[in-house]
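Chains A and B, in that order, give the protein sequences. According to the working numbering, the stretch in the first sequence is residues 302 to 764, in order. According to the working numbering, the stretch in the second sequence is residues 647 to 1260, in order.
Just so you know, the hints here were simulated from the structure itself, not pulled from any lab data. Note that CB positions come from ideal geometry on N, CA and C, so glycine has one too. It cannot be assumed that every hint is accurate.
[Unchecked claim] Okay, the calculated beta carbon distance ranges per label pair: (1) B/LYS746 with A/ILE396: 27 to 35 Å; (2) B/SER1049 with A/ALA456: 49 to 57 Å; (3) A/ILE691 with B/PRO757: 50 to 58 Å; (4) A/GLN649 with B/LYS746: 25 to 33 Å; (5) A/THR483 with B/ALA657: 21 to 29 Å; (6) B/PRO763 with A/LEU460: 46 to 54 Å; (7) B/ASP820 with A/ILE495: 37 to 45 Å; (8) B/ASP806 with A/GLN649: 35 to 43 Å; (9) A/PRO372 with B/ALA817: 54 to 62 Å; (10) B/TYR841 with A/PHE311: 53 to 61 Å.
[Stated by the list, open to error] Computed footprint of chain A on chain B; a stretch qualifies when at least three of its residues, placed anywhere within it, have a C-beta under 8 Å from a C-beta of chain A: (11) 647-656; (12) 660-669.
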Amino acid sequence: MSTAVKKKPFDWVLILCWTALVAFGWLNIYSSSYSAEGAVFLGMSGRAFMQLVWVGICSLLAIALLHWINPQIYIGLNLWLYIFVAALLAAVLVIGKDVNGSRSWFVLGPIRLQPSEFSKLTTALLLSVVVGRFDFKFNLKGILKILLIVGIPAALVLLEPDFGTILVFCGLVFVLYREGLTGWVIIYAAIAVILFILTLIFSISVAVTVFFGFWCLYRLLAFRTKKDYFRPMLLYLACIAALAVIEYFLVSYEYISPAAALLMAVGISIAEGRRHLPWFKPLCILIAAVAVTFSVDYVFENVLKQHHRDRIENLLGITQDLQGAGYNVNQSKIAIGSGGLMGKGFLQGTQTKFDFVPEQSTDFIFCTIGEEWGFVGCVAVLAIYLIMIIRLISRSEKCPDPVTRVFGYCLASYLFVHVVVNVGMTIGLMPVVGIPLPFISYGGSSFLTFTAMLFVFIRLERR
Amino acid sequence: MIIALCVVFSALVAQLAYLQLVDNSYKISAQNNALRYETRYPVRGRIYDRKGTLLVGNINSYDVMVTPADIRQPFDTAALCGMLALDIEYARERFAYFRKYRSKIGYRSLPFAKGLPFSRYSYFMERSGDFPGFYGVPRTTRQYPYHAGGNLLGYVAEVDQRWLATHPDYASGDFVGRTGIEQVCEQRLRGEKGYAIYLRDSRNVIQSPYENGEHDLPAVAGEDIVTTIDAELQNYGEMLLHNKVGAAIAIEPSTGEILAMVSAPGLDVEVLPNMGRYYDSLSKDPFKPMFNRAVMSPQPPGSVFKLVNGLIGLQEKVVTPSVRYPCSNGYHYGSLTVGCHSHRSPIDLNEAVMMSCNSYFCYLFRSILDNPKYPSVGEAYEKWAEYVKSFGFGVKLGSDFPSEQGGIIPSLKSYEKIYGKGRLRSLNIISLSIGQGEIGSTPLHLANLAATIANRGYYITPHVIRYEQGDSLYEHFHEKHGTMVDSRHFNTVIEGMSMAVNSAPGAGATATVAAIPGIEVCGKTGTAENPHGDEHSVFICFAPRENPKIAVAVYLENAGFGATWAAPVASLMVEKYLKGEISESRKWIETRMCEASLLHKVPASPDYVKPKKK
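Looking at chain A on its own, in the form it has when it is part of the complex (with noise of 0.2 Å):
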């Protein structure tokens, strides 16, 4: 290395975020589990202080990333690693410990990890040398590469099965598009799961004439003369107003998803056809829209378990059960809604103090920060996170070689991926799924990973 490179300082933007949510979050372990100890007991109880050693082994893992391992010995070694990891998550499956109706916890005495954690970490680094060599490109062998690097460990991580994980590992899509994938997979999937919430909560019928109408509307924008756009959207009305005419006066809803697809197909192909466009392209669009609609069923009963069905009709309002599966919701609503804007100061919560908060000093820690530290606290803590992305994101931006950008985008899009579905379920937007709120939840293997992620990147980046 040049001596102009080592003069580089590392960017301790960063790293003050990484101190403020690591302190901000053991102050909240302290108080979630304070107070679970009982009012009589003030010591450093078990959560807290073996936080504290996990804060101190990561400070350590920190600086021997920073100063004393050398970036070229994990580079080198990322397959290996790699296929460290995927044995690991092979022999939980087999020698892990049932937590919550998945395995995914390796019991070593007093220590429990999880090497799904870990996996995000090798899969971002072996991602980040695929896709960062120079003659990587986005065709089909690319991508088959891709779908086996992440496709690997997500498969045994839903053998566990850990739904939160899996979510992670989609959030890479974000990297890829990034590195130049065509955006039309982020809507595409988008629309998917907008479809599928309409079908969950209305009907198909709901779901398809709603994604009709926004295919309407995209064609009035696009189309550029009135003669071009006017009987394709009289059509498309016409078929709207059909579907609505069948689904009031057909008694068996049987045939109300056909007819709805047949319309449909109909309609845009004698749309799309005179305008002399390849009627091939929507009729594949029609043909997968029809397709997700119909899976619904088949996906909710079949791959979903029961407490994730119960989360996402609770989510989505279709049952209100706020004694079951929407109990964690409910309270850790309560629990963050009762902080209002200054919060009741730190080791005053009550609700979360009384364990209505299940999970309290883990995936559900930000109901604390929201009790305690309010409106402010959690706008607060959401900052630096809002900073941190990116940051990170401009600082892989800036960087010449493009194994630290898409490692430095793995990262963001993982930490983007765990804030908003953690505080997303914890304020009622998203199901309950178990995924941590990094650096600030309770347990080893969630801080480990995204510290050593962390200063693998601020190391990576000074080069």
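Chain B: place on chain A using the hints.
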């Protein structure tokens, strides 16, 4: 990309702002920040008899609850235990438990003393200020104003862990009907729990009802149940069966409604509210008072079963009412003898029923099984079994009463296992002709037989709850189940049953003791031999002969002849139900029945005396 990022984060902030700044429903006031839900328990539904007499009601009682986290030192355990009449050791155990699991318990409340009467609770109320963390919750306990029907009504008990594991809709501290009608009607009786919400401050001291109780959910009282039981008859039956082992069941034939269901020795209603306290001693009682013999005890029916065989014979046309068979102190075939008492011979079916002739029914039963109409005895037997099952024997009748047993009618297969395939001979199973052998029926089956004969050929599944039109079970308990025997054949048998009771003295009738002045009772005695001591005394009857109002079956274990014990008991119950009182001329029977103790004749009894075998 950064813009999209900011948009997503803004959505989170917006929701936070909504929860924390705008929406008040997730917020409690600045000082009061937690709600405490206190369960409001519903009043359990009451149980009435068919005439509106209250059988089971409720009285108020109180549970003292404790929130362990609120207990303050110093604490006068002795004073508290004195007030609540608790054992001080029990209190210490509870406190040790609270300390051990304090983090698990948190600020929850747990029951400390249960079911205090108001008099005891008022002591506590006066001094409850000295014991922070303790408070009372009103509950109700079952009360039995009418002294009848312990086994029938069943008892209510607090749910245990096993129950909770399989019934998610119950919570610790709830009560559930465990036997009898309390169990059958649990869903209707239990009602719905409610809650009251209180505010507490950060030290968990309750301040006031939350928003004046606007959000409270009141408890919904359980539904009242009207049973088909006649409280007076039930009580009378229990009195007659006092100090005897057995069962008595009375059914209204036209509706299948059970008028009385007595199992003796049974549970006294006095013990029902405190089953927990008596459970141990009751389960050790040699007479098994918790065992409901009326529906759970299959035994050989004895001679009353001859009625069924007679009816089958008539239907199968192997006899006519005028066919006579001889009897010379029994039925003799080779070395085989089925004994009988001395009476005139030969006799026809009416007389055979009247005098309960074993020989007649041996001939009859052999004609059924050796009927050339069927290619083999096996097939004839299967036909016979089908007939018997159409009377409800050998299967659960499907009554609404829990733990009903089906009894036994052996399958052809089980006989062929003994005698070889295709080698069953009618003489092998000749005992079935007189209701002995491998056959088992519960007293409920016998009562149902009486009702079936009273109805001339059909029965309505016996039941203890009155169902109104619209109930899901209404159809089920109003459906007529026909037997395979034509209605016209029943009158022949009924004539015999009437003769058995109402013949002039000296005619050889078996059950003249059951005759009631002014009412034509039709009955049949049974004396079921068994390997455990004296015969079981059996009697079934119905009355009046035309348009019958009541059918009764009485089964007294090891009591002796059917005519000696079961017949008088059954006839007294009939008289009580139809006339309201016992006529002067029969008072002596009532006195004799009430005073007799037959407990020592039962092998299970500690005072059992082995009878000398003839």
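message: Between the beta carbons of B/ASP806 and A/GLN649, is the distance compatible with 35 to 43 Å?
response: Once the Cβ atoms are compared, 40 Å apart, the range 35 to 43 Å for A/GLN649 and B/ASP806 holds.
query: Do the Cβ positions of B/ASP820 and A/ILE495 conform to the proposed distance bound of 37 to 45 Å?
result: 44 Å, holds
message: Count the residues of the region 660-669 of chain B whose Cβ falls closer than 8 Å to any Cβ of chain A, and tell me whether that reaches three.
response: holds (count 7)
query: Do A/ILE691 and B/PRO757 keep their Cβ atoms within the hinted range of 50 to 58 Å?
result: 56 Å, holds
field: Status of the given 49 to 57 Å range, CB of A/ALA456 versus CB of B/SER1049
entry: 52 Å, holds
Range agreement (Cβ of A/ILE396 with Cβ of B/LYS746, hint 27 to 35 Å): Given a distance of about 32 Å, which is inside 27 to 35 Å, the answer is holds.
- prompt: Has the hinted range 25 to 33 Å been met by the Cβ atoms of A/GLN649 and B/LYS746?
  reply: With a Cβ separation near 28 Å, A/GLN649 and B/LYS746 satisfy 25 to 33 Å, so the hint holds.
B/TYR841 paired with A/PHE311, Cβ distance criterion 53 to 61 Å: Because 57 Å falls inside the window, the suggested range holds.
query: CB of B/PRO763 to CB of A/LEU460, is that within 46 to 54 Å?
result: Given range 46 to 54 Å: violated, Cβ gap about 59 Å.
field: Verdict on chain A covering the region 647-656 of chain B, criterion of 3 CB contacts below 8 Å
entry: holds (count 6)
message: Tell me if the beta carbons of A/THR483 and B/ALA657 are separated by a distance inside 21 to 29 Å.
response: Because 25 Å falls inside the window, the suggested range holds.
- request: May I ask you to test the hint 54 to 62 Å on the CB atoms belonging to A/PRO372 and B/ALA817?
  value: Holds, since A/PRO372 and B/ALA817 (Cβ atoms, about 58 Å apart) stay within the stated range.
In this structure, the one hint that does not hold is number 6.
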